[in-house]
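Chemist: Chain by chain, the residues:
Protein chains: 2
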Amino acid sequence: MLPPKIFVVVGNKAKTEPFNLNDLPGSAGRMDILCRCVAQTLFISHGIRRDSGIILILKGEPNPPKSILVLGSKVKYMSPDERNIGGLIRKALELKLRNLDWVESTPGIYVSKKGLKEIIEELKNYEKVYLKENGEDIRKVKFGERVAFFMGDHLGLSKEDEELICSKANKIVSVGPISLQADQCIVIVQNELDRRIR
Amino acid sequence: MLPPKIFVVVGNKAKTEPFNLNDLPGSAGRMDILCRCVAQTLFISHGIRRDSGIILILKGEPNPPKSILVLGSKVKYMSPDERNIGGLIRKALELKLRNLDWVESTPGIYVSKKGLKEIIEELKNYEKVYLKENGEDIRKVKFGERVAFFMGDHLGLSKEDEELICSKANKIVSVGPISLQADQCIVIVQNELDRRIR
Chain G
1 MLPPKIFVVV GNKAKTEPFN LNDLPGSAGR MDILCRCVAQ TLFISHGIRR DSGIILILKG
61 EPNPPKSILV LGSKVKYMSP DERNIGGLIR KALELKLRNL DWVESTPGIY VSKKGLKEII
121 EELKNYEKVY LKENGEDIRK VKFGERVAFF MGDHLGLSKE DEELICSKAN KIVSVGPISL
181 QADQCIVIVQ NELDRRIR
Chain P
199 MLPPKIFVVV GNKAKTEPFN LNDLPGSAGR MDILCRCVAQ TLFISHGIRR DSGIILILKG
259 EPNPPKSILV LGSKVKYMSP DERNIGGLIR KALELKLRNL DWVESTPGIY VSKKGLKEII
319 EELKNYEKVY LKENGEDIRK VKFGERVAFF MGDHLGLSKE DEELICSKAN KIVSVGPISL
379 QADQCIVIVQ NELDRRIR
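Protein chains in written order, with this note's numbering: chain G, 1 to 198; chain P, 199 to 396.
Hints listed in this document are in silico derivations from the structure and should not be mistaken for laboratory results.
No incorrect hints appear here.
A partial selection of chain G residues facing chain P, derived with a Cβ cut-off under 8 Å:
| hint | residue |
| --- | --- |
| 1 | 40 |
| 2 | 44 |
| 3 | 45 |
| 4 | 177 |
| 5 | 184 |
Small disclaimer: the values here were computed from a predicted structure and weren't measured.
For each residue, glycine too, the CB sits at the ideal point set by N, CA and C.
I would like the entire structure built from these sequences, with the hints used as guidance.
Modeler: Next up, the structure:
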């Protein structure tokens with residue numbers, strides 16, 4: 001079900017109930033960052049990356065954790081602007097969740113009560129890459145066929161989350177000499193992988 | 199006054215009067231794309247690129263052309279989300295313009311009646327690079343100390359605008375094997391230039 005390229009972004013304060021679309025950076029807990037990460041994972045010029053998906057781990061109030069999965073191969077009715085993507089995430093957060101399973105909200109968008117630990121378990125067949133400033137330069141790193149890239153939002157990762165990822169990560173990789181925003185890291189990873197395939 | 203790195207993005211349908219912040223992709227004429235271009239030019243993790251600036255050429259109704267200049271070295275009160283940047287552009291479009299001069303709207307944000315031709319003239323001391331799919335791979339290209347990168351929005355560039363740019367462009371450069379959105383191209387250019395400096 002999951003595509004060969006997955007990005008996992010932890011939203012440390014991202015709301016776990018429907019939020020105000022006019023205040024994505026504020027009361028929604030920097031949901032703007034997560035919306036941009038979705039856009040940069042999936043969109044190219046006039047197209048969607050069908051080989052890519054993204055999992056957002058929402059750790060904000062009132063019901064953490066929740067996770068949102070967006071699959072490029074299935075998603076419909078999405079445009080790359082923050083408000084549109086935010087609206088689709090908001091809709092997913094309206095759903096009542098009974099157990100840890102993924103529930104489809106709109107085409108290609110799923111929500112669950114999984115946290116980082118369960119997501120890592122779900123990605124057990126993936127090469128796991130932690131994107132971090134002091135990692136090895138991405139241009140020098142080889143990747144396998146199925147790879148998941150982990151990163152934090154503007155707050156980075158909590159000590160516990162970082163330990164969890166590092167305990168399973170196959171590689172720690174940096175995208176460049178300057179510390180960038182999560183969505184910018186995704187753009188650079190996608191570009192690097194684009195260059196490997198062709 | 200202008201910084202060493204400038205991005206010039208043509209917004210073919212971008213509104214030239216104050217627009218609805220709740221409809222950046224629609225009635226504002228894909229202003230969402232231009233907002234993302236501003237963010238990707240200027241923001242890094244917890245900081246602003248003081249060596250960078252962006253000029254947006256707005257060609258939509260009702261008063262084209264107008265241009266918006268944002269300087270990383272001067273800008274204040276800006277956050278990277280589309281709505282915040284859209285609000286600042288909107289504010290700039292409220293100003294009455296008498297001639298072709300830049301008028302400061304909020305700190306580091308300027309508006310003028312200049313079109314692409316005047317902007318190219320203003321950048322006469324810059325190396326001019328046209329970002330296009332069939333250009334030379336950016337990783338193989340050397341750049342001068344002052345460089346301006348030109349690109350279109352989702353509609354690309356009109357024939358006239360492309361001829362204007364090509365008549366002055368020193369180089370045609372591609373960021374990778376897949377056609378990407380304008381803001382994604384900016385991320386990749388910035389990353390490549392970051393790697394040259396360090």
